[in-house]
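Chains C and R are the protein sequences, given in the same order.
Sequence positions in the first sequence follow numbering that gives the first Met the number 0 and run 0 to 287.
Sequence positions in the second sequence follow numbering that gives the first Met the number 0 and run 0 to 395.
It is worth saying that the hints were derived from the structure and are not from the lab.
Be a bit skeptical, because a hint or two may be false.
Here are the simulated PhoX-like pairs of lysine-lysine, each with C-alpha atoms no more than 25 Å apart in a straight line [as the list claims (entries may be wrong)]:
#, chain 1, residue 1, chain 2, residue 2
1, C, Lys199, R, Lys124
2, R, Lys113, C, Lys116
3, R, Lys13, C, Lys123
4, R, Lys112, C, Lys195
5, R, Lys17, C, Lys116
6, R, Lys112, C, Lys199
7, C, Lys199, R, Lys328
8, R, Lys13, C, Lys120
9, C, Lys195, R, Lys328
10, R, Lys111, C, Lys195
11, R, Lys361, R, Lys328
12, R, Lys107, C, Lys199
13, R, Lys283, C, Lys199
14, R, Lys283, R, Lys328
15, R, Lys6, R, Lys248
16, C, Lys195, R, Lys107
17, R, Lys104, C, Lys195
18, R, Lys73, C, Lys195
19, R, Lys111, C, Lys199
20, R, Lys327, R, Lys338
21, R, Lys271, R, Lys361
22, C, Lys199, R, Lys342
Ranges of calculated distance between the beta carbons of each label pair, as one might list FRET restraints [said to hold, decoys possible]:
#, chain 1, residue 1, chain 2, residue 2, range
23, C, Lys7, R, Glu329, 50 to 58 Å
24, R, Asp21, C, Gly124, 37 to 45 Å
25, R, Arg129, C, Met122, 48 to 56 Å
26, C, Val17, R, Val343, 40 to 48 Å
Stretch by stretch, here's where chain R covers chain C in the computed footprint (C-beta under 8 Å, at least three residues) [unchecked claim]:
#, region
27, 128–141
28, 264–270
Keep in mind it's a predicted model, so treat the numbers as computed, not measured.
Cβ atoms here follow ideal geometry from the backbone N, Cα and C, with glycine treated the same way.
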Amino acid sequence: MIKNKSSKPKRYLTTILVYIITVIVCFIFFFPCLWIILAAFSGTGSIYNFNGFFPPNFSLKTFEQLFTGVTDVSGDTVMYPYMTWFLNTLIIACATAVIGTLLLISTAYVISRFEFKARRKLMKGALVLGMFPAFMGMTAVFIMCTQFQLLNNLWGPILMYSTTAPVGYLVQKGFFDSIPTSIYEAARIDGVSNFKAFYKITLPLSKPILVYTVLTQFTWPWSDFILPKLLLQDKSNYTVAVGLMTLPDTEFSRFCAGSVFIAVPIVLLYFFVSKYMVNGLTAGAVKG
Amino acid sequence: MAKVTLKNIYKVYKGGVKAVNDFNLDIPDKEFVVFVGPSGCGKSTTLRMIAGLEEITSGSLYIDDVLANDLEPKDRDISMVFQNYALYPNMTVYENMAFGLQSQKLPKEEIKKKVDQAAEILGIKDYYNRQPRELSGGQRQRVALGRAIVREPKVFLLDEPLSNLDAKLRVQMRSEITKLHQRLQTTFIYVTHDQTEAMTMGTKIVVMKDGFIKQVDTPTNLYMHPANIFVATFLGSPQMNLFNAKIVKDGKKYKILLEDGTENVVPLTTNKLLEITDDNFVDKDLILGIRPRDIHIVPNTEDGFKIKVEIVEKLGDENLIYTHLFGKKEYTIFVVDAKQEVKVDDELTIKFDEHNIYLFDKENEESLFKIPEYNYFTIDDINKYLDIEELSKKIY
Numbered sequence: 000m001i002k003n004k005s006s007k008p009k010r011y012l013t014t015i016l017v018y019i020i021t022v023i024v025c026f027i028f029f030f031p032c033l034w035i036i037l038a039a040f041s042g043t044g045s046i047y048n049f050n051g052f053f054p055p056n057f058s059l060k061t062f063e064q065l066f067t068g069v070t071d072v073s074g075d076t077v078m079y080p081y082m083t084w085f086l087n088t089l090i091i092a093c094a095t096a097v098i099g100t101l102l103l104i105s106t107a108y109v110i111s112r113f114e115f116k117a118r119r120k121l122m123k124g125a126l127v128l129g130m131f132p133a134f135m136g137m138t139a140v141f142i143m144c145t146q147f148q149l150l151n152n153l154w155g156p157i158l159m160y161s162t163t164a165p166v167g168y169l170v171q172k173g174f175f176d177s178i179p180t181s182i183y184e185a186a187r188i189d190g191v192s193n194f195k196a197f198y199k200i201t202l203p204l205s206k207p208i209l210v211y212t213v214l215t216q217f218t219w220p221w222s223d224f225i226l227p228k229l230l231l232q233d234k235s236n237y238t239v240a241v242g243l244m245t246l247p248d249t250e251f252s253r254f255c256a257g258s259v260f261i262a263v264p265i266v267l268l269y270f271f272v273s274k275y276m277v278n279g280l281t282a283g284a285v286k287g
Numbered sequence: 000m001a002k003v004t005l006k007n008i009y010k011v012y013k014g015g016v017k018a019v020n021d022f023n024l025d026i027p028d029k030e031f032v033v034f035v036g037p038s039g040c041g042k043s044t045t046l047r048m049i050a051g052l053e054e055i056t057s058g059s060l061y062i063d064d065v066l067a068n069d070l071e072p073k074d075r076d077i078s079m080v081f082q083n084y085a086l087y088p089n090m091t092v093y094e095n096m097a098f099g100l101q102s103q104k105l106p107k108e109e110i111k112k113k114v115d116q117a118a119e120i121l122g123i124k125d126y127y128n129r130q131p132r133e134l135s136g137g138q139r140q141r142v143a144l145g146r147a148i149v150r151e152p153k154v155f156l157l158d159e160p161l162s163n164l165d166a167k168l169r170v171q172m173r174s175e176i177t178k179l180h181q182r183l184q185t186t187f188i189y190v191t192h193d194q195t196e197a198m199t200m201g202t203k204i205v206v207m208k209d210g211f212i213k214q215v216d217t218p219t220n221l222y223m224h225p226a227n228i229f230v231a232t233f234l235g236s237p238q239m240n241l242f243n244a245k246i247v248k249d250g251k252k253y254k255i256l257l258e259d260g261t262e263n264v265v266p267l268t269t270n271k272l273l274e275i276t277d278d279n280f281v282d283k284d285l286i287l288g289i290r291p292r293d294i295h296i297v298p299n300t301e302d303g304f305k306i307k308v309e310i311v312e313k314l315g316d317e318n319l320i321y322t323h324l325f326g327k328k329e330y331t332i333f334v335v336d337a338k339q340e341v342k343v344d345d346e347l348t349i350k351f352d353e354h355n356i357y358l359f360d361k362e363n364e365e366s367l368f369k370i371p372e373y374n375y376f377t378i379d380d381i382n383k384y385l386d387i388e389e390l391s392k393k394i395y
């Protein structure tokens with residue numbers, strides 16, 4: 000074989016190019032985050048007295064203010080109850096993580112393991128439904144929640160998030176598909192019920208995909224804006240995302256601090272369980 | 000302990016694919032039955048129908064004279080060993096074996112006793128606390144067998160249990176399963192595509208092809224009296240050699256012409272002539288089969304077929320000789336002792352052993368010879384072997 004002499008510099012050039020592109024892309028993604036973080040630590044509180052992009056001086060004042068809130072003129076209504084919003088978000092996200100995961104995992108398991116009449120139709124239906132953006136159903140969701148008197152109630156978004164979760168069952172089904180059927184057949188011969196086989200065999204084998212599912216079910220309501228904006232109208236029921244949007248321009252650094260603070264748990268969560276996440280994703284992908 | 004009866008069993012998949020056709024079989028108690036055949040012949044499907052993992056499209060399945068078509072697997076009193084072992088990956092060896100008993104809600108001490116017993120037989124007591132992934136293939140297979148034993152089922156079903164093991168371990172496990180069968184004295188139904196496994200383990204072999212049973216008999220009878228070309232070529236290694244043949248009358252005697260050559264003649268012995276069931280056998284298109292071990296080298300001076308050696312395969316104790324005979328496209332293979340020096344390009348004279356030839360009708364591929372009536376003995380018969388009178392009653 001004739002050696003291509005130009006191959007080495009060419010390879011370097013490609014590597015350099017790839018790095019440059021990566022740095023640019025990283026910068027594009029990271030810069031807004033950085034800006035928000037810096038603004039959160041701004042000492043002035045407003046966006047209008049920044050020197051160009053950056054705040055003139057830094058302090059932790061905004062974070063302190065975040066939890067004290069601001070009382071209105073009469074002195075009894077807290078205008079920006081960040082702590083309440085935070086708790087609301089936490090309640091909605093945790094409840095969705097539990098209920099949504101239960102529904103999603105059982106849907107994926109049933110579709111993966113059992114042959115039943117409507118199976119194919121259900122799968123096709125879910126696929127088609129999944130293609131539409133979720134907010135297309137907002138009117139229906141709003142009407143439904145009005146009918147069930149779930150408007151302005153944390154259960155509204157919780158139920159909406161959890162019950163729509165099973166539509167995205169494909170990754171989990173892929174994972175369950177990779178567990179050999181003969182294990183279930185052995186269990187069937189052993190006289191083990193379907194449910195017992197599920198929690199004694201499938202669940203212990205599915206830790207990575209469980210972690211992945213809980214995380215995705217948690218993060219979605221945690222950062223979602225549209226649905227809570229639609230369903231929660233009382234200030235005391237707001238989630239952080241909705242609450243922060245009600246802040247006036249003058250409270251820009253409060254807005255930034257709120258955004259940064261809400262991002263912390265998610266970042267930590269991803270940091271600790273990313274190992275399982277990757278496992279879960281690839282495990283599901285093997286036999287997608 | 001149970002007998003299994005399959006009557007007109009069919010399996011038709013969605014889209015009309017017939018996996019099993021009119022399967023009729025009586026499996027007496029304590030029998031070791033082997034289903035053998037190439038992949039896709041329906042042997043595993045049949046086994047899975049007996050297990051209850053696959054629905055029976057039509058026909059009836061009786062386990063101990065009880066109609067079992069619609070019984071759940073757990074109510075059939077069977078246990079099954081799978082090709083990929085199908086151990087529960089998240090449980091230890093002990094838990095794997097105890098899992099089935101736990102769901103029967105047996106008391107803990109009894110479970111422990113039963114698991115201990117099974118583990119003792121298979122020599123896996125030392126691995127109790129290990130997980131399947133920490134075991135070798137052979138050990139896993141033993142655990143899978145152990146899981147099947149603890150339930151003390153009426154029927155053992157084994158679906159190619161040795162095909163994931165390496166050659167040496169396979170031979171070892173083969174004899175262990177045979178020993179297990181003798182020890183447990185239970186009905187075993189074993190599926191394999193490996194004819195050696197079938198021949199060495201089964202007390203009765205069911206040869207299948209394309210969803211049909213081709214022949215059912217003891218290993219020896221199948222080898223000695225194949226009912227059709229498929230069975231004749233499927234069992235025995237190297238495979239039986241086949242030639243086009245025609246029986247012609249030569250004065251008072253009969254002779255067989257091979258591949259339309261007037262020179263290629265094999266005499267038809269009186270014994271073989273008496274075995275022929277078809278009355279119009281003269282001048283009919285036939286297939287002659289001869290096993291590689293029934294072709295012998297004779298001195299050049301004698302009558303026989305002159306050949307040129309084309310390939311020599313050395314197996315150690317014997318050599319396989321490949322040659323082209325009678326202008327046939329396929330190789331003719333025969334076996335010679337390794338001590339007999341045969342080299343490529345050697346010119347030899349060979350002779351067919353006329354007492355060990357097989358003749359088949361070319362049209363329907365059925366044997367021309369009479370197949371002995373289903374003459375096989377159960378283990379009970381063999382145990383009664385000393386009682387000659389009893390046995391002779393069965394034979395005559």
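- Which of the stated hints cannot be reconciled with the structure, identified by number in ascending sequence? 2, 7, 9, 13, 15, 20, 22, 25, 26, 27, 28
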